[in-house]
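Using the sequences plus the hints, can you model the full thing?
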Amino acid sequence: MRSIVGTALLLCALVVALPLGASADTQLVWAEWWTPEWGEDVIDWIVSTFEAEHPGVTVEPFFIPHGQYNDELLTLCQAGDCPDVMGMEVTWAEAFDRLGVLADLQPWVADASDAFTAEFNPGWLVYWDGRPIMAYLYTNSYGVIINEDMFSDRGLEPPTDWEELREVLREFKDPSSGQWGIALPFSTNSACHFMLYDFWTRLVQAGGHMTDENGLARFDSPAGVRTLEYYKSLLEEGLVYPGTTTGALAIGESEFRELFAAEQVAMILSGPFEKSVAEERNPDIQVAFAPPFSDCTGGHLVTGSGVAVSAQAENPELAWAFVEHLVSFEVAAKMIGERSLAWANTRALASPALQDDPMLGPMSAMVSNPASQSWTVLPGLGELCGIIMEHAQDFFLGNVSAQQALDEAAEEWNAVVTGG
Amino acid sequence: MKLRERYDLRGFWFLAPALVLLVLSVAFPLFRVFQRSFQEFSSEAGAFRNVGIQQYSDLVGDPLFWTSLRNTLVFTLGSIGLHLGIAFPIALFFNAKWPNLRVRNFFRGVVILPFLFSPPAAALLWGLLFRPLGPINYGLTQLFGTSVSFLGDPSWALFSVMLVNAWVYFPLYMILILGGLQSIPPVLHDAARVDGASWLQRVVHVTIPHLRTLLMTIVIIDFATSFIHFDLVWTMTKGGPLRSTYLISFFLYEKGLADFRYGYGSAVGVVIASFMAVCIVAYVLLLTRQQGRTA
Amino acid sequence: MIGRMAIRKALLYSAGTLIALLVLFPALYGVLTSFKPVPEIFSYPPSLIPRDWTIEPYTSILSQERYTRYFLNGYLISISSTVLCVLLGGLAGYGFSRFRLPVKRSLMLGVLALQMFPGAVLMVPYFNMARAFGLYDTYIALILIDTTFALPLVTWLLKSYFDSIPVALEEAALVDGCTRLRALVSVVAPLARAGFIGTGVFAFIRAWNEFMFALILTRGPTRAPVTVGLAELFGQYSIQWNSVMALTVVATLPLVVVFVLVQRHIIQGITSGAVK
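Protein chains in written order, with our numbering: chain A, 85 to 504; chain B, 3 to 297; chain C, 915 to 1190.
Quick caveat, the hints were computed from the structure, so don't treat them as lab data.
One or more of the hints may lead you astray.
Only part of the chain B face toward chain A is listed, based on derived beta-carbon distances under 8 Å [to be verified]:
no.	residue
1	K240
2	P243
3	L259
Calculated Cβ distances over 12 Å to all of chain C for the following chain A residues [to be verified]:
no.	residue
4	D237
5	E364
6	A417
7	G421
8	Q488
9	T502
Once the Cα atoms are required to be at most 35 Å apart in a straight line, the calculated DSBU-like pairs of lysine-lysine come out as [said to hold, decoys possible]:
no.	chain 1	residue 1	chain 2	residue 2
10	A	K316	A	K257
11	B	K240	A	K257
12	B	K240	A	K316
13	C	K1018	B	K99
For each residue, glycine too, the CB sits at the ideal point set by N, CA and C.
Set out below in structure tokens:
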């Protein structure tokens, strides 16, 4: 009898204790879009390593596909349901900040752990309205990427500047087998990528600036004209996949990636992540950055993706701890090694192996060039990409001159930036 | 007991369940949207404040609004024409007397296939088919020595997306029309045949008049769904090239929602709905007046 | 009349084949694409039949539990909302068709007007409503929304089908002592069977393809339908082209089979006996 009562009491205690135990777990929600790219294993590893160091804490990764991420997150946040730590793109940040849901990271940065302060470059904080609202997890720069085998098969050397690129493109052009030297994203489908990979990158090289300190357009300069005319000259010579201008207007970034992996083109203009993306499709492909180009300047564009912390977070210290974890050495080493991502950790980036990495090695040179520019938070950045794209298309199709196209784009750009 | 002499309020019982659901789930939120169209979100207050008709005046002053309206009208009217033009003959075709019903049923079952592709899947599929060195252009080059950039050429893009939209949706309209064809009492056709009418004359004088309400309804449905079309074309072109496929729903989405300018988005929504309502009411009045009968 | 039959046969069959080809060729290309490795999809010259058959997209989908969940959810939500929609719409369509009512024209146009807002406009209000009523991430929310979105057009469609059925039959039934409801169910509905099929198909596919609200109102695969699963294949950098096709095939295959089998039994011409 006593044993029965004893067992019953024990069971009751367990039943009562379990829910209590469960509710003693603090929850942290991490919104992200990276699961398809990195794989669920990597996400789980990131989460479990953090949970191991913080007993009693559960991190719930909340996956939203990149294409719908902005919409869904805005909807959640306006209803007061913002995830504690949110993946964030510079393109989206301003709208969230306008809603008032992004925490000012400055106090956290000032009070951060030693590891963070030592290994996080302050340039990786993204500012808006004088406050850091976002921290990069990885930075990117863009340059010409080559398929090494396709070059060696033809006995060609990788180009080292824009004119050599033109010459090499002539060598690769082979319509009968559907092969070209390069595929570039001129489709409206990937307007932001045209602006970043192609326009802004070439603009920096041409000695120009996208905006002034207030975000107003400065790209309608001779450097801008030089940029647009360069690409048009490539198009007119039929050097860009698929050899016609209207054809090129149908090629977006997902297409150029597949063409590169399928070895229909020898080069693309993009970032270091392309290596792992291409290898997933074609394990035998040998991918490397061409040597960093130099035109009027040797600068490149510096961009990245990162995370922001919710101003509504119940547990802000925990949220910040998770951010520190994301940019910690262990996570950085893994992401650098496995995904060719220039993860935001100086110690991991300084490793000698990195300098030999065909992607990250050249990229660190590109990024540290004094003329390199970083892209900034601006209101309506998504719209701005569309404006650049549309007017560039107008010029490529021969409807307007380059200066005209840029002037019209600048006018619309400024209206968006000031009108808000 | 004649069924249509005077008001018979018992009819409201039949309407009630549907109306209740619609009022609760749509009418109330839409009223909120209407309210919002006169407001703007201010980050200082962290809330919406009233700005009168400013959203509407901004809207009317934006040239992109007018471009997208024009594109949308072309898209909508063209789609209606395409859908009916394809679905009606095919429905007639399936309604004809077939020697072997099994074969007919097989074809009829198979023709619904496009409708089963969800918008993103169809967009992807046709993106592959239409691409510059893809299957369709390969065929064109081999046969005729030309190629067309269906989605990259501003003069082709709108037509191309209309074509894809028609491919996906025509089976639906075919089924709807077929349903109507099968409700025509055979005696009417028999009588016309006895009078010596040819097949075409029978279609024009028996079939179409009998299906008048159904066809009108289908036009209205097609107008309503095509005007606010989003998913398929957005995935295919995002409004390009050169804004040639930029529809009014893209304008609402990009300008209003993607940057959380919710007041502006609401105003755009109200304007779209009002415009559509005017068109449809005008259409209905025109048709029922012609007929000289009340609905 | 053998000659005439033969000509008719030849015309019908060849027209049928032509239509089937034009309509099916893209679909066929899509299905075959699901068996190609992605680099082959982008190779030149483009292939129709895969050179390198791969069933990896299928094994990947069929082996993951989350996709089974997506299918089940999709069917559950779509079937439920179709049934609900046709029920409510059938009643309302009958009411509009057979009764003289005050403000009827305004009501009908009002119902239609509710259809005229782009879905995006309702994103935020619906999300807030769902949370307020505790319906976030539930089947009910999605079923109600899908029903609501299809209801106005379903009502209009069914009304027009009912309109084309002569009133004489119901009058006979009413004289015999039937209630209006009974008349609808036993006399009118069977005659409008073909109309119900078409309308049901419309409502089903509309629910089946619903994406935006399905994504916003669910969290994870527990209650999300297939459209959400499909969106996961659109990564930031690359699209899983073959998997998208494979998922479409796997998800809609049951629908195709059902439709091909069932339409044979249900869609029939009106026999002359019915009118008598």
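Check on E364 of chain A being off the interface with chain C, judged by Cβ distance over 12 Å
Per Cβ check, E364 of chain A is inside 12 Å of chain C; nearest 8 Å; violated.
K316 of chain A paired with K257 of chain A [C-alpha distance capped at 35 Å]:
The given pair, whose Cα atoms are some 17 Å apart, holds under the 35 Å limit.
Taking C-beta pairs only, is Q488 of chain A more than 12 Å away from all of chain C?
Answer for Q488 of chain A: holds, closest chain C Cβ roughly 34 Å.
Distance restraint between K240 of chain B and K257 of chain A, which requires alpha-carbon spacing of 35 Å or less:
holds (29 Å)
Does the structure keep K240 of chain B and K316 of chain A at a Cα separation of 35 Å or less?
holds (23 Å)
Is it correct that the beta-carbon of D237 of chain A has no partner in chain C closer than or equal to 12 Å?
Per Cβ check, D237 of chain A is outside 12 Å of chain C; nearest 17 Å; holds.
Minimum Cβ distance from L259 of chain B to chain A below 8 Å?
With a minimum Cβ separation of about 7 Å from chain A (threshold 8 Å), the hint on L259 of chain B holds.
G421 of chain A: least C-beta distance to chain C exceeds 12 Å?
Answer for G421 of chain A: holds, closest chain C Cβ roughly 18 Å.
Hey, does T502 of chain A actually stay past 12 Å from chain C on C-beta?
holds (26 Å)
Per the CB criterion, is K240 of chain B less than 8 Å away from chain A?
holds (5 Å)
Taken at face value, is the distance from the CA of K99 of chain B to the CA of K1018 of chain C at most 35 Å?
Between K1018 of chain C and K99 of chain B the Cα gap is close to 40 Å, so the pair fails against 35 Å, i.e. violated.
Verify this label for me: A417 of chain A is non-interface relative to chain C, using a Cβ-Cβ cutoff of 12 Å.
holds (22 Å)
Going through the hint list in order, the structure does not satisfy hints 5 and 13.
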